[in-house]
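Dock chain B against chain A, hints included.
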Amino acid sequence: MNILIRFSGDHPLDIAADALSGYHRPLSGEVANLTATCPQTAFFPEWLSSPPLGLDCTVEVDGDEIMAGVLYGARVTAETVELRVEG
Amino acid sequence: MSCQRILAQINNAARSATVSASSVLPAARQIFQQQTTREGNGAVVLSGDYEGAADATFDVEIRAPSTGAELATTPVFSGAGNGTLEDLSVDPGTAAQDITVTLVDLGTATSAAQLTIYGDILLRAKAAGSGGNALVLTVVPNLVLSASAVGALSTALEKDAQDWTDQRGDFGAVPLLPDGTIPATAPRIVFGGDLSRVYRHYKRWDGDQWRYGVSPKLAAAYPEGSTVHTVTGDYSVTVTDGLTPETYASITTLYSLLSALPASSLVEVVGAVGNNAKPNGIAAIDLPIRTSAFALPIIASDPDRMPGLTDVSVAASSPTETITLECTKNSPVGAETWAVRSKAAGTALADAVTGALYTDSASIQFRIPVIPRVESPVSGVMAITARSFPRDTGDTTGVPAICLDRPQLGASASSKTLRLVWTARPAADCDCSEATVSGGPSSKCLGIDIEGAVDMGALVAGYQSRLETLYAWRAGFVSANTEITVAGELRSAQLDLQLADTATTKLAECLADIFGDSDSPASGALTAWDSAMTGLDSDLTPLEGVDGEELTGITIAMENDATYGNPITVGVPTEGQIIITLAGDKTLRRYVCLKIETVSGTGGTTSRYYLPTHHDRKIEKWSLLDSGNLVTGSALWQDIGAVAAGDVDINSDAGIAAQPGIAWDVETFASRYQAKMDYVRALAGLVPKSDAGGGDGCWRDPGDAHYWVIEGTAYLPVFSNVYYHSVVMAPNADGKMVPTSTHEFSFGPQTGCEERLKVGDSITITIGDVTANYPYQIGDTYKIPIIGGGPLSFAGGVDGTDMLTWAVRGSVDGALADYALNFDEDPYADGGLNFAIHRGGIDFALDDQFSFSVEAGGRFRWRKNAGSWSSDTAIADSVSLADGLSALFQSGAAPSFVEGDVYSYSVRQPNAPDHTQSAHGETWQWSGATAYLTLEWTSDQTISMVGLLRHGLVSPATISIALKNSGGTTLATIAPTVAAGPILTALTAPLTTVRSMVVTVASATGMSLGWVYAGVPFVAPYDAKMTWRRSYAMDRPAGINPRAAYLGAGRAGELAWEDFLSQEAADTLLAMIDDCKMDGDAPIVVVPQILFPQDAILARIDTDAVDLSDWYEFQPDDRTRRALSLTLPLAAVLS
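Residue numbers (my numbering), protein chains in the order written: chain A, 1 to 87; chain B, 1 to 1135.
Hints in this document: simulated from the structure, not taken from any laboratory. One or more of the hints may lead you astray.
[To be verified] Covered by chain B, according to a simulated footprint, are these stretches of chain A (three or more residues, beta-carbon under 8 angstroms):
# : region
1 : 11-20
2 : 46-55
[Unchecked claim] Derived Cβ-Cβ restraints for the label pairs, each shown as a range:
# : chain 1 : residue 1 : chain 2 : residue 2 : range
3 : A       : I66       : B       : G928      : 27 to 37 angstroms
4 : B       : A1105     : A       : T58       : 36 to 46 angstroms
5 : B       : R38       : A       : I66       : 31 to 41 angstroms
[As the list claims (entries may be wrong)] Far from chain A, by Cβ distances over 12 angstroms, these chain B residues were calculated:
#  : residue
6  : R29
7  : V44
8  : V136
9  : P390
10 : T505
11 : G712
12 : T742
13 : E754
14 : D769
15 : G788
16 : D799
17 : L888
18 : E936
19 : G1048
20 : G1080
21 : P1129
Computed from a predicted structure; not experimentally measured. The beta carbon of each residue, even a glycine, is placed where N, CA and C say it ideally should be.
Chain A on its own, in the form it takes in the complex (with noise of 0.2 angstroms):
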C-alpha cells in the first residue's frame, strides 16, 4: 500500500508515509482527519521545525485520493513524524 501526503502551494511536495490511522469521515459533511505516519527520512529537519500547518494538501493511497484537507498538525517523535490532516 502506499500511501502519499501531496501538499500544494509554491513548493509542492509529496511525502510517502508509512501508515495511516484514525481515518474517520463522517456521513454528514462534518471534519474528515486521519493521521499519517511518515518516516523521518522524508523530511528535512528545518521544515519540521516550521511545518507549513494549514497547508492544503490531499492523501492518496495506491494513487487513489481519499482525502483533500489541510495540514492540521505535526508530530515528531524519535522514530516518526506523524501528520494530522483534516478535511
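This is chain B only, laid out in the frame that chain A set:
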C-alpha cells in the same frame, strides 16, 4: 566452518563506497523552503524537477540593484470593488517611484429596464439602455364566471387566510396530490364575483381532518354571504415596446407566463423558473397581475338585506377611488333614487335609479337590482272618524252617506287628520290663473344663483340651430293663428296655439335632454328629431290661419222629458253631426255625435232623442226614443266645448266628423309629438319620459260645481265619487305650477245621495299607525372600491457611458495620463507603465485605488550545498539555476526584493543512487531502460559475495555486475538472474583487490534498486541451529473468524548457537548486532546454505536483548575456551 552466512551492513563494503550513477530519475515536488528572515515582500520559487543525484540545499540572495531592469511590485488594492490590475510591466529606465491608480469618475453605467411582476420575479429588457423604458406589459383577462354560484360564504374570510377546517368552506375542493401539489382539476373560484382575484381550491388531510385551502392565500377579506363562483378562461398578455407587440395567449398561471416569455425578443425572465405546483407556488396561482382597473368586492351597508350590484363594469382607465351610492329616495319602490358620489370624477354625477343601468360615470357601470315587492311598503289606518252635516230645524234635505273606497297610503304617508269641507266652486268669471303677474322669480333675489348656468351663447351649434328652427316655426304658426280685424278686433285660434305650444314644449324638452347628455348626440337621434320637426310643421299646416267656418249647429226645438226633466228633441241624429245645445251648466256647448247604437226588441222607429247636457268634454251615451218614448238605441255624444251662438270655429277650416274614441282636446292630440320625442330620446340613449308633463296626471278637475276642500292644507280639492290622490300644486321643471302628487294617500269618496250635501258639510279622515317597510332604506349605501389600472411599465433602463476614469500618479513623474477604462478594458501605457485593469464581480467605487512601486532593477546570486556563490544575475521572472531547477521571482507589495534577503531551500532526491547503500528500503531510480551504478573505493576491498539485497527488479530486467581493480581491469563479471528476494552470488574465490563495482541494469524502465551488497559475510565456526518461518503481516479486528487485511509477507526464523560458539565468533556477531541496532534496526540477510543463495532470508533481528551463555559459565581463564550459546530470533522484512 559453517555453511551459513550472514550479510549485514557491518560486513558490506558497499556502505563505504563512493556511489555514482549513469542517471537519476528527476524528483518532482520535493523542494522544502526553509525559513529565513528578510525584508522584501517578493517571493522566489524554485521550480522544476530536481535532477541532482542527492539531497541538496539551494540559497538565493538578493544583491544590490542596478538600472535598466526596473521591476514593478505587486499592486495593492484598497477600496470596494474586486477587480484586478494585471499584466503590469515597466519599461527600462522608468524612474523608481510609487505609483497610485485612483478611480476618480465612475461615469454612468448602462442598465437594462426591468419590471418586478410578482414577489422577487423580475423581467428585464433584453436590450440594455433607456429604450427598454418604453416596454409595457398589459394583461387582458378572458375570464367567465359560472352561470350560477357554487356556494356562498357562511362565515367571513379574513385577508391572508390560507386554509380552514370549516366544512362549510368546501366549494368543491380537490385533494392535494401525494407530492403536495395541486391537481390540474382543482376548481378556480372567486368570491363575491371579484374576478381580480382567482383562487385554486384544494383540500389536504392534516392527520385529523380535511383542511380546505386556496392558492394563493386570500388577497382580500370577503364578508359573510359572499357568493362563490367558479371561473373558466385565461389571460392574454401583451409585451410591447410601442412598435412590435408580442402577445401571449392562453396564459393561466404565473408559471405559464414565465414559461412563455423566453420566446420573447423584448424581455427575459431573470433567474430560474420552477414548476412549483404546491400551494402558493407559481404554477398553482392564477396570473396575479391586472393592468386594467377593477373593482374589489362591493360593500353594502346592510348586506343581509341589500342584494349585490349587477352588471358591474369598470372602465379600464378608471382611477383608484371608492365610489359611494347612497339611497336618497326610496320611493317609488323599484325605482329608488341613489346619489352617486365620486371624488375623482370632478363633477357631480347624475343620480342612479334602481333597476336602470347606470351609465353616467366614466369609471363604472352598474345596475342596482330591484328587490321584488310582495306587499305595500307602507301600512297604516285611514278611516272617516267624524262626519258633520249641520241642518236647520225642519230641514228635510237629509244627510248623505259617505264612505271611503279603497283607501291607500302612499310612500310619503304620515299620520295626520284631514278635514274635508263641502265647498262650492268659485265662480268661473273669477279665475286667478287668468290674472297677469308682472315680473318673475329672480334667482339672484332668492339667493339661488347657479354658477355656470348655461346661456345661449354656450349652446353647441346643433342644439342652437334646431332650437332656432323649432321656435321659428312656432313664431310663424302663432302669427298665422292670430289677427287683428279691420274693425280692430283681436282674434286668435286658441286651440291651435295651445296645440302648437304644447308640441313646441315637447320638442324643446327633448332637445334639452339629448344635448344635456352629450354635446354630440347620436346622429340617429338628431335625424329622428329633425323628422319630427318636419312632421309637426306638416301636420299643423292646415291649422295655420284664423279663417274658419261658421259653427254648425241645429236649432232644436227642445222640450223637457216628462219623466226626468231632461231636454229632448224630435229627430234622428247622425254620426258626425254637430249640434249646439244648452248644457247642464247653463252654457251653450257643441256636441258631436260619434256613434249611433240601436237595440232590438221593444222599441219602434226612432223619432226623437235626448239632448246631451254633460259639460266635461267627455263622451256620454244618451237614449234614442220612438214615438211612444220607448228606447230604440243610443247616441254617443262628445262635448267639444262651450261656444257662443254665432261664433266661427277658427280652430278648423272645415268641420270634422271624428271617429268614435278620438279625443277632441289639445293635450291628447299633442301626445303624438310626445311619443315621437320619446323615440328621439331613446335613439339618443336617454330614458324616455314616462310622464307627458304638465302635471303628473294624478289629479283632474272634472269641473263639478262643488267639491271637498281639505281644510287648512294645500291639497287640491276632492270630488265626490272620483278617486282621489293627495296632490298639491307645485312648480314643474319649467317653473309652471302643475298638480303634483305628494305620494301620501288616496281614497275614493263614495258619496250616496250627493244632492243632499250642503256647503259646510264636513267629514274628518284620520290617518294613523303609519309604518313603512321599504326594500331600500334612505341612507343605504353601496361602496364600490375601484383599483386603478394601467399597463405595467418597465423602468430603470439607462444609456450609460460605462467609462471608469482612473487617475495615474507617480511620486516622481507626477500626474500621468488618465486611464479611461471601458468594457473593452484596453491596456494602459504611459510614463513607462503598462498594465490593464479588469472589472470584477463587485463594482469599483470612487476612490478605489491600486498602488505599486517601480523598483530599480534587482539582481541576485545563488549557490548549491553552501558552495560558492554564482555571479550577480538580473532578476527576471524565471532564471535557470542547476539540476533542472529554475528560480521564479514574484514581486510583492513594495518593497519586493531587498538587498541582502536570502531565500533557502532543501531539495530531496528520493531516487538518489546512494540509497543503494542503505539497508532500509530506499531506492535508486533511473531514467530510461538501462542504467548503471558505480561503487568505488579508495583502497582494495576483499569481496567474496555480491548481491542486490533489496530491489524492485522484475523480468525482463537483466543484471550485470562487474568487479574491477584499481587499474580498471575487470576481475569478475556476474550476471545473476532477476528474482524476487535477495539476489546473491558467492564468488568462487574471494577477490582482494577490488576497487570498483559496476552494476548494470537493462530493460528496467521504471524499476528500482535498493540495498547493494559487496563484501565478506559473517560465518561462524559451526552451524547454528536454524528454524525457518514464513511470516505474514495480517491486520485483523476482534471477533470470531475475522477477515484480516493482508499487509505483506516475508521469511523469518531463528538462529541458535548452542555451546559451540567461540568467543571470537560471538564478538563478531555481537558487533554485527550492535551495528544493526545503531542503524535503526537495519535488516540482515541470512543465507542458510551457501550453496543455495536463493534461500536467503531478509530479516531483522527480532530482539533488543541478546542472551549469551557459556557452557563453562565463563569460568575458563582463557576467553578462547568458552563454549558459548546465543539465540538470534529473526523477524521477516515484509514486502
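Results of checking the hints against the structure:
| no. | hint | result |
| --- | --- | --- |
| 1 | 11-20 | holds (count 5) |
| 2 | 46-55 | holds (count 4) |
| 3 | I66/A with G928/B: 27 to 37 angstroms | 33 angstroms, holds |
| 4 | A1105/B with T58/A: 36 to 46 angstroms | 43 angstroms, holds |
| 5 | R38/B with I66/A: 31 to 41 angstroms | 38 angstroms, holds |
| 6 | R29 | 4 angstroms, violated |
| 7 | V44 | 9 angstroms, violated |
| 8 | V136 | 48 angstroms, holds |
| 9 | P390 | 116 angstroms, holds |
| 10 | T505 | 96 angstroms, holds |
| 11 | G712 | 101 angstroms, holds |
| 12 | T742 | 90 angstroms, holds |
| 13 | E754 | 112 angstroms, holds |
| 14 | D769 | 86 angstroms, holds |
| 15 | G788 | 53 angstroms, holds |
| 16 | D799 | 46 angstroms, holds |
| 17 | L888 | 8 angstroms, violated |
| 18 | E936 | 24 angstroms, holds |
| 19 | G1048 | 9 angstroms, violated |
| 20 | G1080 | 9 angstroms, violated |
| 21 | P1129 | 21 angstroms, holds |
Against the hints set out earlier in the document, violations occur for numbers 6, 7, 17, 19 and 20.
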